[in-house]
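Student: Sequence:
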Amino acid sequence: NIDPEGSYFHFCCNETVNGFEFDFKTFPWHLIPKDQPVIGDMSSNVATCEIPWDKFAMIYMGAQKNLGTAGCTVMVIREDLFGKAEKDVPILCDWTLHEKSPDTYYNTPAIFPMYVTGLFCQ
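Residue numbers for the sequence shown, in this note's numbering: 11 to 132.
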């Protein structure tokens, strides 16, 4: 059931425990309210299928499945989502702070996993 009052719609695009993967061509996009951002966990199927980028507000993926080593998460965030964090959201979850300060980090990133993921993406 999709909550029409929900702030967003989240789904795991490929669930590996039971072996279920959504087919983006037949996915019922029309059932999701137009103003609800769609968030997708693509940890298991990124780089294995064509992604309908225009359907998603944000996609995240743990690199250890298909992109690199453990310790790195890749996020693709639609620009209009920046600046909408609630006041009590922890700093590490406020995407705007990270987007606006590329030379300063609030934590020390795991450089090796980022490097390996970068190599894979090249």
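It is worth saying that the hints were derived from the structure and are not from the lab. From a predicted model like this one, the values you see are computed outputs, not experimental measurements. Wrong hints could be hidden among the right ones.
In silico BS3-like pairs for lysine-lysine, Cα to Cα no more than 30 Å straight-line [as the list claims (entries may be wrong)]: (1) Lys65 - Lys97; (2) Lys35 - Lys65; (3) Lys97 - Lys35; (4) Lys110 - Lys97; (5) Lys44 - Lys94; (6) Lys75 - Lys110; (7) Lys110 - Lys44; (8) Lys110 - Lys94.
The following label-pair restraints were derived from C-beta to C-beta distances [as the list claims (entries may be wrong)]: (9) Pro43 - Thr118: 36 to 46 Å; (10) Tyr115 - Pro14: 14 to 24 Å; (11) Pro38 - Glu15: 10 to 20 Å.
Note that the Cβ used here is the ideal one computed from N, Cα and C, for glycine as well.
Student: Now tell me, hint by hint, if it's right for this structure.
Tutor: Here's how the hints hold up against the structure:
1. Distance restraint check for lysine 65 and lysine 97: the Cα-Cα separation of roughly 27 Å lies within the 30 Å cut-off, and the hinted pair is therefore satisfied.
2. Distance hint between lysine 35 and lysine 65 is fulfilled; the C-alpha atoms sit about 11 Å from each other, no more than 30 Å.
3. With a C-alpha separation of about 38 Å, the suggested pairing of lysine 97 with lysine 35 is violated against the 30 Å cut-off.
4. A hinted pair counts as satisfied when its Cα atoms are at most 30 Å apart, and lysine 110 with lysine 97 qualifies at roughly 17 Å.
5. At most 30 Å may separate the alpha-carbon atoms for a hinted pair to count; lysine 44 and lysine 94 meet this at roughly 18 Å.
6. Of the supplied pair hints, the one linking lysine 75 and lysine 110 holds, its CA atoms being roughly 29 Å apart against a limit of 30 Å.
7. Proximity of lysine 110 to lysine 44 is assessed by CA-CA distance (about 28 Å); at most 30 Å being required, the pair is judged to hold.
8. Under the criterion of a C-alpha separation no larger than 30 Å, the hint pairing lysine 110 with lysine 94 is consistent with the structure, at around 14 Å.
9. Restraint check, proline 43 to threonine 118: a C-beta distance of roughly 39 Å satisfies the suggested window 36 to 46 Å.
10. Hint check: tyrosine 115 to proline 14, Cβ distance near 38 Å, so the stated range 14 to 24 Å is violated.
11. The supplied range of 10 to 20 Å is met by proline 38 and glutamate 15, whose beta-carbon atoms lie about 19 Å from each other.
The structure does not agree with the numbered hints 3, 10 stated previously, though it agrees with the rest.
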